[in-house]
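Engineer: Since the structure of chain V is already known, use the hints to place chain G on it.
Taken in order, these protein sequences are the chains called V and G. First residue of the first sequence? That's 1 in my numbering, and the numbers climb one at a time after it. First residue of the second sequence? That's 1001 in my numbering, and the numbers climb one at a time after it.
Don't take every hint at face value.
[What the hints assert, rightly or not] Each computed DMTMM-like pair below joins lysine to aspartate or glutamate, with the alpha-carbon atoms no more than 20 Å apart:
1. G/K1497 x G/D1180
2. G/K1252 x G/D1206
3. G/K1211 x G/D1248
4. G/K1211 x G/D1149
5. G/K1353 x G/D1364
6. G/K1429 x G/D1474
7. G/K1429 x V/E238
8. G/K1107 x V/D165
9. G/K1353 x G/D1394
10. G/K1138 x V/D122
11. G/K1414 x G/D1380
12. G/K1211 x V/E214
13. G/K1254 x V/E214
14. G/K1353 x V/D248
15. G/K1497 x V/E181
16. G/K1107 x V/E214
17. G/K1429 x V/D165
18. G/K1252 x V/D294
19. G/K1429 x G/D1394
20. G/K1211 x G/D1250
21. G/K1429 x V/D166
22. G/K1414 x V/D165
23. G/K1353 x G/D1319
24. G/K1211 x V/D293
25. G/K1252 x V/E295
26. G/K1107 x G/D1180
27. G/K1107 x V/E185
28. G/K1211 x V/E295
29. G/K1107 x G/D1149
30. G/K1252 x V/E214
31. G/K1107 x G/E1085
32. G/K1353 x G/E1396
33. G/K1252 x V/D293
34. G/K1497 x G/D1057
35. G/K1107 x V/E181
36. G/K1429 x G/D1319
37. G/K1429 x V/D248
38. G/K1211 x V/D294
39. G/K1414 x V/E158
If you're looking for bench data, these hints aren't it; they were derived computationally from the structure. This one's a predicted model, so the numbers in the text were calculated from it and none came from an experiment.
Each chain, written out:
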Amino acid sequence: MLIFNWPKTKLANLGVNMQSACALAISAIMLILPSAPFAGDVLIDNETCLECHEDPAVAMRHTVHQLTPPDGSGGAIAIGCVSCHAGADAHLDDPDVSTIENPANLSMEAEATVCAACHLNDHQVSMVETNPHELAGLNCSACHAIHAAGEQPRRSSETCLTCHDDQKGEFALSSNHRVLEGVVECIDCHDIAQKLQVPFGDILTRRCFSCHGELEGPYPFEHQATNAYSVEGGGCLECHRPHGSIFDRLLREPGTQLCRQCHAAPIHQTAHNGLFANENCLNCHADIHGSFDDEHYFPPGVPPATCSQSGCHPLGGN
Amino acid sequence: MKVLRLFGLVLLLTICWSTGSALAGWEGEGSIDLGYTFLDQVGNRSASPETYDVYDDLGISLRGIRLRSTNGYQLNADFSNINLENRSFNARLRRPGRMNLSGFFRKTRRVYDFEGTTRTYRTRGGLDLTVMPYRTVKLSGGYSRAGLDGNILPTLGLFNGFREGVSGSPEEIQTDYSLDAYYFGAQFRLQKTVLGVRYRGTALTDNLDAKQDRSGRHLQITVFSPLPGYERLTMDGLFSTGWNRVDDRDNKRKETLFRGGGAWSLTDDWSLTSTLRFSRTDNEATGIETDNAVGNLFALRQFAHRAEAGVGYEFRSQDDLVSRTEANAFILRGMYRPLERLRLRGQVAFYNKEDNDKTTLVGDEDVIRHRFEVRYDHPDGHRLTIRYRDRRRDFEDIGAEADYQSVTSVLSIKVPRFGTGTGSYAYSKGDYRNTSSEFAFEQHVLTAQMSSVRFHHAQLSAGLTYLRSRLSSDLEKILFTVGADVVLRRGYSVGLKYQAHTYDDFVAFNRYYTANVFTVNVQKTVQF
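Pulled out of the complex, with its shape left as it was, chain V reads as follows:
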């Protein structure tokens, strides 16, 4: 684990002082603090660099990294090539690629220090300090296209799938969350900046329910297997494979087989001469995520009245 040592010069640029320490406890104090200085200095003008490197400047036009024009217009932050690329003096003397620093070739820790001149935020801090991506040897440029013309940062799932390429095969299965079509993005479910290697977002966030809110509950009659907190349950992933499956509704197995992994239900094998032995469980237990009407997740009207009149299935019982 590498510890991220912020250079003193960078911290000074951020305007950090004891006043802001107090503000951590009392937010109101923060609101009366003076604004921190934003502007940096461009030591070597961009025009000198652009004599040879015009393409990156064109690509960065209208992006957050657009180079500051010579007249200084364009925003509160002055951005120059040398803001990120150190060693310009030597590079002017010897234009070899080795004489100037390319942050994309640095470690996460070193590149993040360069980026921290402007982008010191919780995402960056947590990525550097505790995120598994850092342990895997990735740096900021592995995901963020600094010179690219597109949106900054790249949100496309293609970025994730560059390394997590075995998930491509899962998204190709016949039932899938349509990530390859752009309907769902990886970061809709995965919080990549989550601290301390928690694979999903916080347990109370319940990412599945941000889209499938109708299934969140609570229900008067809960199917405990759907509740991650329950002694009986593993939550949504107990039955569903979120990336893809060959079975409808992202199920891990075909419906009845899936249910039987936990519910042997021997009575279904023999009652009515085995009539229901090969039926799909969800035919009757339709409200399987939880019910407002019945403890066995029967929708209203199931089982029919005759089942209860026979004495075998008193209403609300087995």
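Structural biologist: Relative to chain V, chain G alone:
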């Protein structure tokens, strides 16, 4: 109707264009896309998720809009298929370091039956605003709405459709709900210490059955900080409390969670990470109060980035006063680089859950899993990765087992004068057994993509996905894509794309599908 819709959109585009030109002090660029998709399909419309949102129609889009004002504001926006049901909007106005206002809207379709007439539409949209009055303070708030309406066709059944107060055919379940959510929060940062507070409210409105309306409120406080004066120890903490309830019955499910953790770099080579989590969930509907406790510790030794070895342990406990389970898990992980560009990784993990009173449904559980990976990065940018994974899950008390194994190989090639290509092959098999039945599958997934460099203003691309699943299931799926983009003069470009989809389930007689999708897209880049 279609003519009227097109006329309205052309008018909208004209207004957008003229408004954009009139934005004094802004400059930038974007593109206007006109694309027509020809869709020819036969078979079961529900069999191919890839074509759920393909419409045989003209699509109008504004893409890649990037505007920048002289006083530092930036506007990025994409409006795709404005006139179609699968429209998608994204926009972001920001001033770096000061504020960020973003919004999105997306509408998608899902098809359930053979003819494609039973379907649902899912819409998602929202607005988020972040303001940074100071570089150490971030205030944020937002609102979002997710909705689903239409008819769902459950798996074929005897009694489906008997839902009080809901219309629709006996085979369909009508659904129409919306989930509204709002939040506001604040984040304070001092160097690497980050303190966050967030309040979130939700309301689920079922437009067909008011008794299913639900609401929720949650407060969350997070802190992330190095230990003052000793930056080798980074701490992470979270407290969350809140409830969800059924409005009609006022049944609440209250949740409270504490989580604390730390990452401790003992030396440059040794590190320890640990997490402790405790949560209590009180469900008034069931009268069950459940406590969850989790504690883990992971030690990692690195050898100058040439190798690493880690060992971890986790303890879990779940207790609802009637049932109590305890679980222990161990993990061993390693990485070795025998060569600079060759990396070997491996992992083995064990998980054992015990239900001492035998009061839970599934009882004891044993899991063992292995993961191995070999990766080679060629100096020219080629990469070869081979992975093996397996997992065995055993529920001894109820006689159920689940086995899963997979081998994946991925090859990426970069040829500077020609382009890039990626091919992968995955083989996996699974076997699920219980006291009354068994299900097994074996599947092969082959994927390939290539993209050329630009030859004389033209770029070619192609892709193939092949899936074959056998044993208890028997299905085959092929997706073939080929396309070309040609840059013309005066900011115009033309894109052509052809896709062929085939799907065959050889067990279910009506699960077959074939589609040809041809798209022509004309793009005009505009400078504002």
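Engineer: The structure should be examined with respect to each hint, and the outcome stated for every one.
Structural biologist: Hints and how they fare:
Proximity of G/K1497 to G/D1180 is assessed by CA-CA distance (about 38 Å); at most 20 Å being required, the pair is judged violated. Distance restraint check for G/K1252 and G/D1206: the Cα-Cα separation of roughly 18 Å lies within the 20 Å cut-off, and the hinted pair is therefore satisfied. The hinted pair formed by G/K1211 and G/D1248 meets the criterion: a straight-line CA distance of about 5 Å does not exceed 20 Å. For the given pair, G/K1211 sits about 17 Å from G/D1149 by alpha-carbon distance, which is consistent with the 20 Å threshold.
Distance check on the hinted pair: G/K1353 and G/D1364 sit about 5 Å apart at the alpha-carbon level, within 20 Å; holds. Restraint check for G/K1429 and G/D1474: the C-alpha separation of about 13 Å stays at or below 20 Å, so the hint holds. In summary, the hint linking G/K1429 to V/E238 is supported, as the alpha carbons are separated by about 19 Å, within the 20 Å threshold. Our distance criterion of 20 Å between C-alpha atoms is broken by G/K1107 and V/D165, whose separation comes to about 27 Å.
A threshold of 20 Å between alpha carbons decides the hint, and for G/K1353 with G/D1394 the separation of about 10 Å falls inside it, so the pair holds. Taking the CA atoms of G/K1138 and V/D122, the gap is near 10 Å; set against the 20 Å cutoff, the hint holds. A distance of roughly 7 Å separates the Cα atoms of G/K1414 and G/D1380; the hinted pair therefore holds under the 20 Å criterion. Straight-line distance between C-alpha atoms of G/K1211 and V/E214 comes to about 12 Å, which keeps the hinted pair within the 20 Å bound.
With a C-alpha separation of about 18 Å, the suggested pair G/K1254 and V/E214 falls inside the 20 Å cut-off, and the hint holds. With a CA separation close to 30 Å, the supplied pair G/K1353 and V/D248 exceeds the 20 Å bound. Of the supplied pair hints, the one linking G/K1497 and V/E181 holds, its CA atoms being roughly 14 Å apart against a limit of 20 Å. For the given pair, G/K1107 sits about 18 Å from V/E214 by alpha-carbon distance, which is consistent with the 20 Å threshold.
Taken as a hint, the G/K1429 and V/D165 pair is honoured in the structure, with Cα atoms around 19 Å apart against an allowance of 20 Å. With a CA separation close to 18 Å, the supplied pair G/K1252 and V/D294 stays within the 20 Å bound. Distance check on the hinted pair: G/K1429 and G/D1394 sit about 17 Å apart at the alpha-carbon level, within 20 Å; holds. Simply put, G/K1211 and G/D1250 have alpha-carbon atoms about 11 Å apart, close enough for the 20 Å limit, and the pair holds.
Distance restraint check for G/K1429 and V/D166: the Cα-Cα separation of roughly 15 Å lies within the 20 Å cut-off, and the hinted pair is therefore satisfied. Restraint check: the Cα-Cα separation between G/K1414 and V/D165 comes to about 16 Å, which is no more than 20 Å; the hinted pair holds. With a CA separation close to 13 Å, the supplied pair G/K1353 and G/D1319 stays within the 20 Å bound. Taken as a hint, the G/K1211 and V/D293 pair is honoured in the structure, with Cα atoms around 11 Å apart against an allowance of 20 Å.
For a cut-off of 20 Å, the pair hint linking G/K1252 to V/E295 stands: about 18 Å separates their Cα positions. Between the alpha carbons of G/K1107 and G/D1180 the distance comes to roughly 16 Å, so the proposed pair stays at or under 20 Å and holds. Between G/K1107 and V/E185 the alpha-carbon distance is near 14 Å, which keeps this suggested pair within the 20 Å criterion. A distance of roughly 17 Å separates the Cα atoms of G/K1211 and V/E295; the hinted pair therefore holds under the 20 Å criterion.
With a C-alpha separation of about 11 Å, the suggested pair G/K1107 and G/D1149 falls inside the 20 Å cut-off, and the hint holds. Taking the CA atoms of G/K1252 and V/E214, the gap is near 16 Å; set against the 20 Å cutoff, the hint holds. With a C-alpha separation of about 7 Å, the suggested pair G/K1107 and G/E1085 falls inside the 20 Å cut-off, and the hint holds. A C-alpha spacing of about 11 Å is found between G/K1353 and G/E1396, which places the hinted pair at or below 20 Å, so the restraint holds.
Between G/K1252 and V/D293, the direct Cα distance comes to roughly 17 Å. Compliance with the 20 Å bound is thereby established for this hinted pair. This hinted pair checks out: G/K1497 and G/D1057 have alpha carbons roughly 15 Å apart, not beyond 20 Å. Of the pairs offered as hints, the one joining G/K1107 and V/E181 holds, with about 13 Å between alpha carbons and a cut-off of 20 Å not exceeded. A hinted pair counts as satisfied when its Cα atoms are at most 20 Å apart, and G/K1429 with G/D1319 does not qualify at roughly 35 Å.
Restraint check for G/K1429 and V/D248: satisfied, since their Cα atoms lie roughly 18 Å apart, inside the 20 Å limit. For the given pair, G/K1211 sits about 14 Å from V/D294 by alpha-carbon distance, which is consistent with the 20 Å threshold. Taking the CA atoms of G/K1414 and V/E158, the gap is about 17 Å. The hint holds against a cut of 20 Å.
In terms of the numbered hints stated before, the structure departs from hints 1, 8, 14, 36, listed from lowest to highest.
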